[in-house]
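4 protein chains.
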Amino acid sequence: MCRFLAYQGRPIFIADLVAAPCRSLIHQSLHASEGKTETNGDGFGVGWYGERAEPGLYREVRPAWSDENLRSVTEQVRSRLFFAHVRAATGTATTRANCHPYAVGRFLFMHNGQIGGYTRIRRRIEALIPDDLYLQRGGTTDTEAIFLAALADGLEMDPVRAVASTLAKVRAEMVRADVREPLRFTAALTDGSHLWAFRWSSDHRPPSLYYRQDANGLVVVSEPIDEDASAWNAVPANMSLSAGPSGSPVLSAFG
Amino acid sequence: MCRFLAYQGRPIFIADLVAAPCRSLIHQSLHASEGKTETNGDGFGVGWYGERAEPGLYREVRPAWSDENLRSVTEQVRSRLFFAHVRAATGTATTRANCHPYAVGRFLFMHNGQIGGYTRIRRRIEALIPDDLYLQRGGTTDTEAIFLAALADGLEMDPVRAVASTLAKVRAEMVRADVREPLRFTAALTDGSHLWAFRWSSDHRPPSLYYRQDANGLVVVSEPIDEDASAWNAVPANMSLSAGPSGSPVLSAFG
Amino acid sequence: MCRFLAYQGRPIFIADLVAAPCRSLIHQSLHASEGKTETNGDGFGVGWYGERAEPGLYREVRPAWSDENLRSVTEQVRSRLFFAHVRAATGTATTRANCHPYAVGRFLFMHNGQIGGYTRIRRRIEALIPDDLYLQRGGTTDTEAIFLAALADGLEMDPVRAVASTLAKVRAEMVRADVREPLRFTAALTDGSHLWAFRWSSDHRPPSLYYRQDANGLVVVSEPIDEDASAWNAVPANMSLSAGPSGSPVLSAFG
Amino acid sequence: MCRFLAYQGRPIFIADLVAAPCRSLIHQSLHASEGKTETNGDGFGVGWYGERAEPGLYREVRPAWSDENLRSVTEQVRSRLFFAHVRAATGTATTRANCHPYAVGRFLFMHNGQIGGYTRIRRRIEALIPDDLYLQRGGTTDTEAIFLAALADGLEMDPVRAVASTLAKVRAEMVRADVREPLRFTAALTDGSHLWAFRWSSDHRPPSLYYRQDANGLVVVSEPIDEDASAWNAVPANMSLSAGPSGSPVLSAFG
Numbered sequence: 003m004c005r006f007l008a009y010q011g012r013p014i015f016i017a018d019l020v021a022a023p024c025r026s027l028i029h030q031s032l033h034a035s036e037g038k039t040e041t042n043g044d045g046f047g048v049g050w051y052g053e054r055a056e057p058g059l060y061r062e063v064r065p066a067w068s069d070e071n072l073r074s075v076t077e078q079v080r081s082r083l084f085f086a087h088v089r090a091a092t093g094t095a096t097t098r099a100n101c102h103p104y105a106v107g108r109f110l111f112m113h114n115g116q117i118g119g120y121t122r123i124r125r126r127i128e129a130l131i132p133d134d135l136y137l138q139r140g141g142t143t144d145t146e147a148i149f150l151a152a153l154a155d156g157l158e159m160d161p162v163r164a165v166a167s168t169l170a171k172v173r174a175e176m177v178r179a180d181v182r183e184p185l186r187f188t189a190a191l192t193d194g195s196h197l198w199a200f201r202w203s204s205d206h207r208p209p210s211l212y213y214r215q216d217a218n219g220l221v222v223v224s225e226p227i228d229e230d231a232s233a234w235n236a237v238p239a240n241m242s243l244s245a246g247p248s249g250s251p252v253l254s255a256f257g
Numbered sequence: 003m004c005r006f007l008a009y010q011g012r013p014i015f016i017a018d019l020v021a022a023p024c025r026s027l028i029h030q031s032l033h034a035s036e037g038k039t040e041t042n043g044d045g046f047g048v049g050w051y052g053e054r055a056e057p058g059l060y061r062e063v064r065p066a067w068s069d070e071n072l073r074s075v076t077e078q079v080r081s082r083l084f085f086a087h088v089r090a091a092t093g094t095a096t097t098r099a100n101c102h103p104y105a106v107g108r109f110l111f112m113h114n115g116q117i118g119g120y121t122r123i124r125r126r127i128e129a130l131i132p133d134d135l136y137l138q139r140g141g142t143t144d145t146e147a148i149f150l151a152a153l154a155d156g157l158e159m160d161p162v163r164a165v166a167s168t169l170a171k172v173r174a175e176m177v178r179a180d181v182r183e184p185l186r187f188t189a190a191l192t193d194g195s196h197l198w199a200f201r202w203s204s205d206h207r208p209p210s211l212y213y214r215q216d217a218n219g220l221v222v223v224s225e226p227i228d229e230d231a232s233a234w235n236a237v238p239a240n241m242s243l244s245a246g247p248s249g250s251p252v253l254s255a256f257g
Numbered sequence: 003m004c005r006f007l008a009y010q011g012r013p014i015f016i017a018d019l020v021a022a023p024c025r026s027l028i029h030q031s032l033h034a035s036e037g038k039t040e041t042n043g044d045g046f047g048v049g050w051y052g053e054r055a056e057p058g059l060y061r062e063v064r065p066a067w068s069d070e071n072l073r074s075v076t077e078q079v080r081s082r083l084f085f086a087h088v089r090a091a092t093g094t095a096t097t098r099a100n101c102h103p104y105a106v107g108r109f110l111f112m113h114n115g116q117i118g119g120y121t122r123i124r125r126r127i128e129a130l131i132p133d134d135l136y137l138q139r140g141g142t143t144d145t146e147a148i149f150l151a152a153l154a155d156g157l158e159m160d161p162v163r164a165v166a167s168t169l170a171k172v173r174a175e176m177v178r179a180d181v182r183e184p185l186r187f188t189a190a191l192t193d194g195s196h197l198w199a200f201r202w203s204s205d206h207r208p209p210s211l212y213y214r215q216d217a218n219g220l221v222v223v224s225e226p227i228d229e230d231a232s233a234w235n236a237v238p239a240n241m242s243l244s245a246g247p248s249g250s251p252v253l254s255a256f257g
Numbered sequence: 003m004c005r006f007l008a009y010q011g012r013p014i015f016i017a018d019l020v021a022a023p024c025r026s027l028i029h030q031s032l033h034a035s036e037g038k039t040e041t042n043g044d045g046f047g048v049g050w051y052g053e054r055a056e057p058g059l060y061r062e063v064r065p066a067w068s069d070e071n072l073r074s075v076t077e078q079v080r081s082r083l084f085f086a087h088v089r090a091a092t093g094t095a096t097t098r099a100n101c102h103p104y105a106v107g108r109f110l111f112m113h114n115g116q117i118g119g120y121t122r123i124r125r126r127i128e129a130l131i132p133d134d135l136y137l138q139r140g141g142t143t144d145t146e147a148i149f150l151a152a153l154a155d156g157l158e159m160d161p162v163r164a165v166a167s168t169l170a171k172v173r174a175e176m177v178r179a180d181v182r183e184p185l186r187f188t189a190a191l192t193d194g195s196h197l198w199a200f201r202w203s204s205d206h207r208p209p210s211l212y213y214r215q216d217a218n219g220l221v222v223v224s225e226p227i228d229e230d231a232s233a234w235n236a237v238p239a240n241m242s243l244s245a246g247p248s249g250s251p252v253l254s255a256f257g
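Protein chains in written order, with our numbering: chain A, 3 to 257; chain B, 3 to 257; chain C, 3 to 257; chain D, 3 to 257.
Hints in this document: simulated from the structure, not taken from any laboratory. It is possible that part of the hints are untrue.
Said to hold, decoys possible - Take a look, some chain B residues computed to stay more than 12 Å from chain C by CB distance:
| no. | residue |
| --- | --- |
| 1 | ARG54 |
| 2 | VAL162 |
| 3 | ASP228 |
Said to hold, decoys possible - Derived, one-sided and incomplete: chain B residues facing chain D with beta-carbon distance under 8 Å:
| no. | residue |
| --- | --- |
| 4 | LEU32 |
| 5 | THR41 |
| 6 | GLY43 |
| 7 | GLU62 |
| 8 | VAL63 |
| 9 | ARG64 |
| 10 | PRO65 |
| 11 | THR96 |
| 12 | SER254 |
| 13 | ALA255 |
The beta carbon of each residue, even a glycine, is placed where N, CA and C say it ideally should be.
So that you can see chain A by itself, here it is in the shape it has in the complex (with noise of 0.2 Å):
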């Protein structure tokens, strides 16, 4: 299981978030909460909005608590939109190209979940991207190829659509193969000025999603980054959430 954090704002240092906070995504990274065993140390990013459209990149195969270049970039950049992801790997290799969140223009997605199956239904989820866009198919990822997907969904045009068409298709292709697991998807999206995020599953049993609204801005996450459990909202299953740059986050039946 992964964990993430999106935040969109007043323009604040990454690391407020991602470092700062007792339970940061970096301190959650190597001291796994109360019932959650797995360790996040297989690669981490962080994405973020600066002055162009297109976001800022780090990805990186170490883990995230011991990364020096990690703990200063987000201590120097100060963002108003910006998306970070530890990652524990399910079958897929340790690399670069493998870490969220994922860049295509001006998009980044990240996800917490998996495609039940996915090894023996990767080809046709990649059949879903189109030709333009599968050059961008830089790793093995299930998350990889459900964005690249979404992309040719119609993503500019109508976000939680294209990502609920997609899902759709995914799931289509998971009964053909006959497979039995689940399709577990909790994620984030953002095309650098909206934020969206999605929490569905085919079992009822999605990974979790919170949010939290404050003085500066909207924080959305997988799990808390505090103890302060009073100021999280969980996001429902099946539901997408959906902010403007400075509205209020909007919930909705997702899927």
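Dock chains B, C and D against the given chain A, drawing on the hints supplied.
Only chains B, C and D this time, still in chain A's reference frame:
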């Protein structure tokens, strides 16, 4: 342009050929030879056969010349059959999964050359890989795709014919996509018992290939590893080389 | 807290002990045992003896659990004497030079423990290293400094006495600097022929040390690598273990 | 021989100087210039000043030319003052801790050159570092040792005098050890406000140093980064360059 070396014969330390000679592969990786301006600093790999049917593999994204582990492993491991490769990337990322040699089952494969227009026909090349081998696709290089496709073309039964068949299919895809750049292919293959090497291109300018037989055994290289020019035999263009565990290399027309 | 394993006996594949057992070192690196909350993801190392007097060494900054090279090298290399170590850093950086085991000449050394107040007395510990060995100082760990100092204290002549002498000097520096934290030292040493292990601390709470003798040979570990508790003998605190190439381990009072 | 670049002026993207020019530092790292046969593939580093007094730092052991993170960070980060360095190792290991620039507090330091006989006098050079700075000694290079020693020689009060004082001490140690090789030192230093550069050697053959002033600001380089030779001013041997945040560089006799 990449550089490589293959050895078969009396068990010797890998370093005896890969690190020790005055123009060893590790030396070549840093110090470009006359007229060859490239540095081979985009990762490297060593594959060798020991007691198991499957080869060992050590591949890394750092340059070969500064890797202490490579030095130590090659100084310690004695092998009757090994491959070594230093890479100069031609468009694909520097990840372990993109480093040669590639291993599947008891086979090892490595390559110097390039499929013209690869980025435009990558998907069609990958379509040559059958489902049961597709999971072995860990990177994005043309070399790995050719290797997996050739396995499907009967590499276990008739390696030379299988490689020729795959190259013909690749050429057909290039023509179909109206690619003008050539297909250049100088490669080495082994099943742990026999050694094959290939030198072919669609424009009659395949990368160089040499071999030498001495008291220890057979050495096949992209370029000579010492200054004794007379000891090295150039493999003519559009030829393949084949050698059994103890026999002399046989050259045949190829392609 | 780090974890380590040393083996001496009939030549076996390194993976047979380092990767295969249910609680193998690689398994332990990711899945913390009961009551031991740490992950050992701050680099690893394997040192082994083959045909040369000097050991081979493969050390890397990535976690052991995801390194394909480690898996391949340990599956291919058969050795009569090898060390393996997975690291949890205690303040020093995650670099290869800070990964155990350390090799100088024909010796290998690895350690689990910590010099209390090391950051305050690092320089004084390094002052114990003679000029001719100082160039071997490649990293910043307390372990490497102790090893180099012990070499100067006669490791080649009387290893147990040399280690005891160095530890006494380190303790003296700690006292001189008014360090209150303990010196905890559980370590393994070999010259390629004999194997020594040490369990000592200034506060009577040295890290654990176990050994097992079976049909193949002697295994010395920081923690048992399988669930057969009865097969493992705990080395009591303030004892050293000594074993020749074929003999049984002998325990002696130490420190 | 290493290569470096320092910039001070109007905030610009780091990539504008480090990646974009036809002979940018990243380009130089792979493609050796005429008469300079070395590749700078032994790690790299970028240090920059943003909103904090302390600089950001991104250093990596891979070659600069293939690092996606370097490209992304330098394209995103705009800075009024930054250093970049590509390394060709001269005997010390390729680790992050041995990559320039070095940062202590608000200072950045980088270097091209070499202390003759360093391996024989490393310890004496390190003895110039006071206790309270010794913990900052993370690697094994001569550059880092000189930097830490110069901090003790009053870098904060009078940087030029401090560097000169340290170099004099280093020279004295070389003479004392009967070292015949020269001390060559071309370096850049900043406290986040002022920029200093130095070109000095004991044999009147210091590595080259150039600067250019344009509409944006001041660029100081080991070699010109474009083909407009007339725009670049060579700093004569045994001179230092000094520049405030907005002023013109002043050259003075040095050493």
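We went through each hint and held it up to the structure:
1. A beta-carbon of chain C comes within 12 Å of the beta-carbon of B:ARG54; the shortest separation is about 7 Å.
2. No Cβ of chain C approaches the Cβ of B:VAL162 within 12 Å, the least distance being about 28 Å, so the stated non-interface status holds.
3. Remark: the non-interface label on B:ASP228 is consistent with the geometry, its nearest Cβ contact in chain C lying 23 Å away (cut-off 12 Å).
4. At its closest, the beta carbon of B:LEU32 sits 6 Å from a beta carbon of chain D; the interface hint therefore holds under the 8 Å criterion.
5. Interface restraint check for B:THR41: the shortest CB-CB distance to chain D comes to about 5 Å, inside 8 Å, so the restraint holds.
6. At a threshold of 8 Å, the smallest CB-CB gap from B:GLY43 to chain D is about 4 Å, leaving the interface hint in force.
7. Proximity of B:GLU62 to chain D is violated relative to the hint, the smallest CB-CB distance being about 10 Å (cut-off 8 Å).
8. With its C-beta approaching chain D no nearer than about 6 Å, B:VAL63 sits inside the 8 Å limit, and its interface hint holds.
9. Interface hint at B:ARG64: satisfied, since its Cβ lies 6 Å from the closest Cβ of chain D, which is below the 8 Å cut-off.
10. With a cut of 8 Å, the hint placing B:PRO65 at the interface with chain D holds, because the nearest CB-to-CB distance is about 5 Å.
11. Because the beta carbon of B:THR96 sits about 4 Å from the nearest beta carbon in chain D, less than 8 Å, this interface hint is met.
12. The restraint placing B:SER254 at the interface with chain D is violated, with a minimum CB-CB distance near 38 Å, outside the 8 Å limit.
13. For the restraint placing B:ALA255 at the interface with chain D, the shortest Cβ-Cβ distance is roughly 38 Å, beyond the 8 Å limit, so the hint is violated.
In this structure, the hints that do not hold are numbers 1, 7, 12 and 13, in rising order.
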